[in-house]
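> Sequences are here, hints too, so could you generate the full structure?
Take a look at the letters that make up each chain.
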Amino acid sequence: MFADYTTTELVSIFAMQGFAGLILFSVFVLMALGLAIIFGQMGVINMAHGEFMILGAYITYIISNLFSSYLPGLFDLYFFLAMIVAFFATAALGALVEWGMIRHLYRRPLDTLLATWGLSLILQQIYRSVFGAREVGVSLPDWLMGSVPLSDMIEIPINGLFVMGLTIIISVSIYLLMFRSRWGSQVRAVVQNRPMAAAVGINTEKTDRRTFALGCGIAGIAGSAFTMIGSTGPTAGQLYIVDTFLVVVFGGAQSLVGTIASAFTISQSQSTMEFFLSGSMAKVLTLLVVVGILMLRPQGLFALKMRH
Amino acid sequence: MSRVEIRSYFPKSDLVNFAVLACLILIVLPLSMDIFRLNLVGKYLTYAFVALGLVLCWGYGGILSLGQGIFFGLGGYCMAMFLKLEASDPESTKIQSTPGIPDFMDWNQLTELPWFWEPFYSLPFTIIAVLIVPTIFAYIIGVAMFKRRVGGVYFAIITQAVASILTILIIGQQGYTGGVNGITDLRTLLGWDIRTDSAKYFLYYLNAILLFACLFFAQWVRKSKLGRILLAMREREDRVRFSGYDVSNFKIFVFCLGAAFSAIGGAMFTLQVGFMSPSFVGIVPSIEMVIFCAVGGRMSIFGAIYGTLLVNWAKTTFSESFPELWLFAMGALFIGVVMAFPGGLAGLYTDKVLPFCKKFIQKTRSGKKPQQIKVGPPKNDELASPDLAAVK
Chain R
1 MFADYTTTEL VSIFAMQGFA GLILFSVFVL MALGLAIIFG QMGVINMAHG
51 EFMILGAYIT YIISNLFSSY LPGLFDLYFF LAMIVAFFAT AALGALVEWG
101 MIRHLYRRPL DTLLATWGLS LILQQIYRSV FGAREVGVSL PDWLMGSVPL
151 SDMIEIPING LFVMGLTIII SVSIYLLMFR SRWGSQVRAV VQNRPMAAAV
201 GINTEKTDRR TFALGCGIAG IAGSAFTMIG STGPTAGQLY IVDTFLVVVF
251 GGAQSLVGTI ASAFTISQSQ STMEFFLSGS MAKVLTLLVV VGILMLRPQG
301 LFALKMRH
Chain A
309 MSRVEIRSYF PKSDLVNFAV LACLILIVLP LSMDIFRLNL VGKYLTYAFV
359 ALGLVLCWGY GGILSLGQGI FFGLGGYCMA MFLKLEASDP ESTKIQSTPG
409 IPDFMDWNQL TELPWFWEPF YSLPFTIIAV LIVPTIFAYI IGVAMFKRRV
459 GGVYFAIITQ AVASILTILI IGQQGYTGGV NGITDLRTLL GWDIRTDSAK
509 YFLYYLNAIL LFACLFFAQW VRKSKLGRIL LAMREREDRV RFSGYDVSNF
559 KIFVFCLGAA FSAIGGAMFT LQVGFMSPSF VGIVPSIEMV IFCAVGGRMS
609 IFGAIYGTLL VNWAKTTFSE SFPELWLFAM GALFIGVVMA FPGGLAGLYT
659 DKVLPFCKKF IQKTRSGKKP QQIKVGPPKN DELASPDLAA VK
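Protein sequence lines, in the order shown, are assigned to chains R and A.
Under the working numbering, residues 1 to 308 are what the first sequence spells out, in order.
Under the working numbering, residues 309 to 700 are what the second sequence spells out, in order.
Hints were generated in silico from the structure; no laboratory data involved.
Take every hint as true, because none was put in to throw you off.
Cβ-to-Cβ under 7 Å is the rule here; a few derived chain R residues that face chain A:
(1) Leu110
(2) Asp111
(3) Leu114
(4) Ala115
(5) Leu121
(6) Val284
Only part of the chain A face toward chain R is listed, based on derived beta-carbon distances under 8 Å:
(7) Ala452
(8) Arg456
(9) Val458
(10) Tyr462
(11) Ala469
(12) Ile473
(13) Ile476
(14) Gly480
(15) Ile595
(16) Val598
(17) Ile599
(18) Ala602
(19) Leu635
(20) Phe636
(21) Ile643
(22) Val646
Where a beta carbon is used, it is the ideal one built from N, C-alpha and C, also for glycine.
Here's what the structure looks like:
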């Protein structure tokens with residue numbers, strides 16, 4: 001399959017597909033980070049995670065429309081406000097869901113899975129009733145359009161660069177929050193030994209709620225970023241949820257580094273293969289390899305050593 | 309088997325349940341509905357096979373598979389391949405550029421039948437394949453997962469991923485599988501037209517009889533030592549392992565059994581509905597099948613069937629008259645069943661209705677105030693901690 005191309009063509013194909021893979025990687029990372037916090041740290045399966053992401057996307061859509069009709073002068077900057085609103089709105093919804101539903105089900109993870117699936121159906125129908133069944137897209141500000149030419153054949157789109165930059169900033173801030181802040185150490189303490197954490201005076205219920213809200217909030221930001229590279233429909237979240245879970249499990253559920261590494265592997269292999277095979281076969285092969293590796297190494301790539 | 313043994317497998321209360329269900333499915337429903345509605349019920353009952361398998365896997369074994377659609381689909385596709393080959397004989401497909409192959413292959417520029425379609429010219433092979441192919445598939449997944457002691461939510465996610473892989477594969481390879489439309493336009497089975505009313509009645513009863521065969525088998529599993537081990541394994545896997553049982557083999561067995569049940573359901577679905585498509589394979593239908601089982605009661609083989617009928621009936625009525633409300637109702641059902649009635653309909657029956665009836669009967673019989681009677685099993689001990697094994 002390589003024989004038809006010259007070397008320079010191959011290099012630029014790999015570079016372009018690699019970059020397309022990087023954008024996919026960014027969305028995967030943003031979605032998977034939220035999930036890794038919720039699933040990895042709390043052991044809760046949140047099947048509605050994709051719908052939280054879509055909520056962020058719809059909020060971005062609303063705010064971009066508000067800006068273009070009321071504040072056209074500031075349209076260039078709407079995205080930053082949209083991201084912040086998306087974060088807080090999804091985090092608030094997340095906290096509500098945790099309070100109303102998840103906290104009663106901590107002892108029954110499989111039931112959480114079914115309940116959150118029910119939640120995802122309800123959210124989907126709400127989106128469909130409010131925004132219509134058709135996909136909506138946002139108009140990007142001018143400074144995000146266009147691309148940077150690197151060589152004759154390689155061009156890099158600016159919105160992709162922006163999403164990647166955003167991903168890096170968010171990953172770093174989550175790292176700081178989880179490993180360098182007092183709150184992060186409380187979360188990790190609760191994960192590792194709940195009774196002991198409670199015994200030393202950590203309010204475990206509050207920690208749970210905030211952790212869940214944070215994970216959902218990050219999904220909101222992911223949704224916000226998602227609008228820059230694709231359009232949003234009521235069922236878009238469902239398309240990504242299994243992939244994202246695989247990313248998290250493949251990386252080793254409790255390891256944030258593992259999540260990022262596995263998101264990188266999966267997105268790169270998928271987008272590189274997509275050029276040579278059909279899209280569906282590329283996806284099938286990638287998922288098969290991931291499932292195969294998980295069967296050999298169920299604990300994932302980066303397993304955290306922990307006593308039970 | 310001696311009479312005492314048989315009685316221990318089929319206690320009086322279960323025999324009553326069997327009789328009531330048989331009465332409903334074999335007599336009441338066929339008499340009270342026209343053939344169109346009855347055919348719909350027949351379609352729902354094919355899902356009941358899956359729900360029944362889930363009762364054993366999930367309720368008893370504690371293994372939640374979110375990929376039962378895989379096996380339903382594999383069984384259905386095996387049957388559909390046979391019927392499609394029969395429907396595309398050279399005579400009726402002579403307008404195609406290659407006569408004698410299914411129409412969708414011709415549309416996708418295939419000029420000869422792929423090798424894996426060849427054996428499906430034979431009905432005995434097809435029937436064996438319906439049972440064996442999904443079981444082997446389940447066996448491979450089961451061995452790979454359970455021998456490495458993967459369980460609980462991880463297993464659920466992996467089965468989901470497999471379901472999604474299979475859907476993408478079927479849709480992507482449309483020359484071999486019919487793509488997103490699936491295998492349609494199925495007409496005859498060995499020259500016997502399956503679309504006539506009499507054929508539909510016959511298939512309905514065949515389906516019902518197969519369902520009862522599966523029910524009897526499930527009842528045997530439930531009441532035998534195997535069922536006890538499954539329950540013990542769900543509650544305290546380590547203790548069962550330390551007692552010298554190979555836990556993974558039991559899990560693999562029950563998972564394969566669930567797969568075989570689902571496959572029978574899938575094959576009957578194809579026969580009764582007349583097509584098979586990837587929309588019965590993927591993640592969404594697989595999770596829906598779990599809710600049939602959860603609504604009926606994950607510990608009750610009879611509940612699973614009532615649950616399937618009820619949810620599907622509600623789905624049809626809702627989506628006919630209020631299509632927007634259906635997803636809300638479905639979502640609420642998921643949440644409600646999990647949060648408020650983890651035992652489902654069957655749990656509601658044993659915990660609430662049965663004690664009430666007993667009290668009532670006692671009252672009318674004695675004519676005076678009933679003494680405090682001990683009712684039923686103490687708070688349904690089987691359900692006290694459904695997913696404890698997965699928590700650890």
